[in-house]
Structure formats: structure tokens, C-alpha cells
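Here the protein sequences come in this chain order: A and E.
Each residue of the first sequence is one higher than the last, beginning at 10 in our numbering.
Each residue of the second sequence is one higher than the last, beginning at -12 in our numbering.
For the record, the hints were derived by calculation from the structure and aren't laboratory data.
Just so you know, not all the hints are guaranteed correct.
Stated by the list, open to error - Calculated pairs, DMTMM-like style, for lysine to aspartate or glutamate (alpha carbon to alpha carbon, straight line, at most 20 Å):
1. A:K79 - E:D9
2. A:K159 - E:D29
3. E:K7 - A:D97
4. A:K69 - A:D97
5. A:K69 - A:D135
As the list claims (entries may be wrong) - Examples of chain E residues toward chain A, derived with CB under 10 Å:
6. F(-6)
7. V2
8. T3
9. H40
10. S42
11. M47
Said to hold, decoys possible - To list a few chain A residues with every Cβ distance to chain E over 12 Å, as calculated:
12. Q61
13. D97
14. E121
15. E151
16. D169
For each residue, glycine too, the CB sits at the ideal point set by N, CA and C.
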Amino acid sequence: MERLSLNESPAPAPRTLQQNQQFSQNALGPAGPQPTGGPPQLPPQMFTTAAQLLDLTDKKLVLILRDGRKLIGVLRSWDQFANLVFQDTVERVYAGQLFADVSRGIFIVRGENVLLLGEVDLDREDDIPPTLTRAPFEEVFELKKKEDAKRKTGDKKRYDELQALGFEPEHSGEILF
Amino acid sequence: MLFFSFFKTLTNQTVTIELKNDIRIRGILKSVDQYLNIKLDDIEVLDLAKYPHLSSVKNMFIRGSVVRYVMLPRSEVDVGLLEDATRREAANQAGKAR
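Working from the sequences, and respecting the hints, build out all of it.
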């Protein structure tokens, strides 16, 4: 963690600094004493992936992957690409009004597959919305398979129609839901 | 890096983010990095009923590559300034290319 830096500082320094000053009414530019006497500035290290992930480390998080999977576990390690290591991971499968948990263990996730990471509020994590009920995994999984198949045909139809009109589907080639 | 600087000026504002999978999240913009990954605090998921897995989440890290839109408070954006900066950047880029 000792060598945090933004690549904006060294090479293109003159221009970016100038820009920062243009945005500097409440800008959060470089750290240290400000000649302009503006509001106190946060250090640039605040604005790195590392800094964003640092305070999520060792916390219980919900990780949503690009393929729609929801993993709940403890974030143990990460790097600047948001490659992640999760411990004691549980996959939560939702289908209709049902959900089920499956124990998965340790995960190493490649950053590109990460959609978002949410910190679980430990006071609220057991407040499961009243519309949802826990069910055996097999039951939920069967239901989910059916739902996925249905969505797939629906998506395909929509994409075909869009493509016929000359639109490229927004995330073609990516599975995203 | 222009939009990175721009987003930095918006920290601590309430923004709404729409992801490529249609989830919309409103929250306080806490930080942004060079990939435009975004950290939101005190989040509120619009249409939470569809996304029950987010019901107990209080703050989140969103990977920049999955963001479709960021909706900003109108009063916090100086459009003229942003236009100028964008054109200057474009001119610089064009100068560099030559």
C-alpha cells in the first residue's frame, strides 16, 4: 500500500494540474498546502482503486458477478484491477420468491467479472424481505433453470428484432443480467 | 483524465447510477478512480423488490466498466466549464496525434 499513485501526476502534469484547477471550486486535487486557499484537499491517493477497496477488506460483502451470480463472503485480498479473493463464500441463488444458500469456500475472482461489491449492513442482514422464503437448493435451482431459459429466449427475440432494425445489442457477447 | 477530474469535483454529492443490467442505485458519491470505478455510500436501490440481494447493503463499490449512466445533480455541473475543458482536451489530443 505504500506506493499509491495516480498516473495523472507525473507525465502529463502541466495539463492535468491545470484542469484540476479549472474544476477547483470544490475540487479534490493534489494534497498539501493550497496556494489558492480553497477548501481542504483530500490526498490523491483517495482516488485509487486500492483506496476504495482497502476499507472493504475483511468485511462481509455481497459480490455480484457479470453472469448474475451473487456471492456473499469476506473480502481478503485484491489488486488494482479489482481481482478479488473471497473467503467463506456462500452463493445465494434466487428464483421467483424463493432463495437458497450454497456453501462455496474460497473464490479468486478475475476483476473483469465483477459487477459490484456491496458492504452488508450486519444489523440488517437477517431482515430478509417478507416476500422471500428460503427453500431447498434443488428446488430453487430447478426453478432458476426454467427462469433462465425463459429469459434467454426472450432476450434472443429482442436482440433479433433490434438487429433487424440496425441496432447492435448493448452488451453483445457479454452475459449480463 | 478529464472526466476523472470532473467526477472528483462531484464527491459527496448524491448521484444515481444506472448499471448495464438496469439496476439503478442512488447514493452519495464517495470516491472515484482512474477507471471510473465508483464508491457510493448510504445507497438506496430503486425498484428494490426486483433486487432483494441488495436489501441489506449500505455502501458499494461499482466497477466502472458496468456503469451505463451516472445521473448528476444539475446544480453541481457547470456545463460551460465542462464544454470548454472538453474542447481543450480534444484540441490537445488532436495536437498530439499530429
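A quick look at each hint next to the structure:
Our distance criterion of 20 Å between C-alpha atoms is met by K79 of chain A and D9 of chain E, whose separation comes to about 16 Å. The hinted pair formed by K159 of chain A and D29 of chain E fails the criterion: a straight-line CA distance of about 35 Å is larger than 20 Å. Our distance criterion of 20 Å between C-alpha atoms is broken by K7 of chain E and D97 of chain A, whose separation comes to about 28 Å. About 10 Å separates the Cα atoms of K69 of chain A and D97 of chain A, which keeps this hinted pair within 20 Å; it holds.
Of the supplied pair hints, the one linking K69 of chain A and D135 of chain A holds, its CA atoms being roughly 13 Å apart against a limit of 20 Å. The criterion of a C-beta within 10 Å of any C-beta in chain A is met by F(-6) of chain E, whose closest approach is roughly 9 Å, and the hint holds. For V2 of chain E, the suggested interface contact is broken, since its CB lies about 15 Å from the closest CB of chain A, more than 10 Å. The criterion of a C-beta within 10 Å of any C-beta in chain A is not met by T3 of chain E, whose closest approach is roughly 14 Å, and the hint is violated.
A distance limit of 10 Å between C-beta atoms decides the matter here; for H40 of chain E the minimum to chain A is near 5 Å, and the interface restraint holds. The restraint placing S42 of chain E at the interface with chain A holds, with a minimum CB-CB distance near 6 Å, inside the 10 Å limit. At a threshold of 10 Å, the smallest CB-CB gap from M47 of chain E to chain A is about 4 Å, leaving the interface hint in force. Annotated as non-interface, Q61 of chain A brings its C-beta within 12 Å of a C-beta of chain E; the closest such distance is 5 Å.
Residue-level check passed: D97 of chain A sits 17 Å from the nearest beta carbon of chain E, beyond 12 Å. Look at E121 of chain A: its CB is around 7 Å from the nearest CB on chain E, not clear of 12 Å, so calling it non-interface is violated. For E151 of chain A, the requirement that its beta carbon stay farther than 12 Å from each beta carbon of chain E is met, with the minimum near 19 Å. For D169 of chain A, the condition that its CB be more than 12 Å from all CB atoms of chain E holds, with the nearest at approximately 20 Å.
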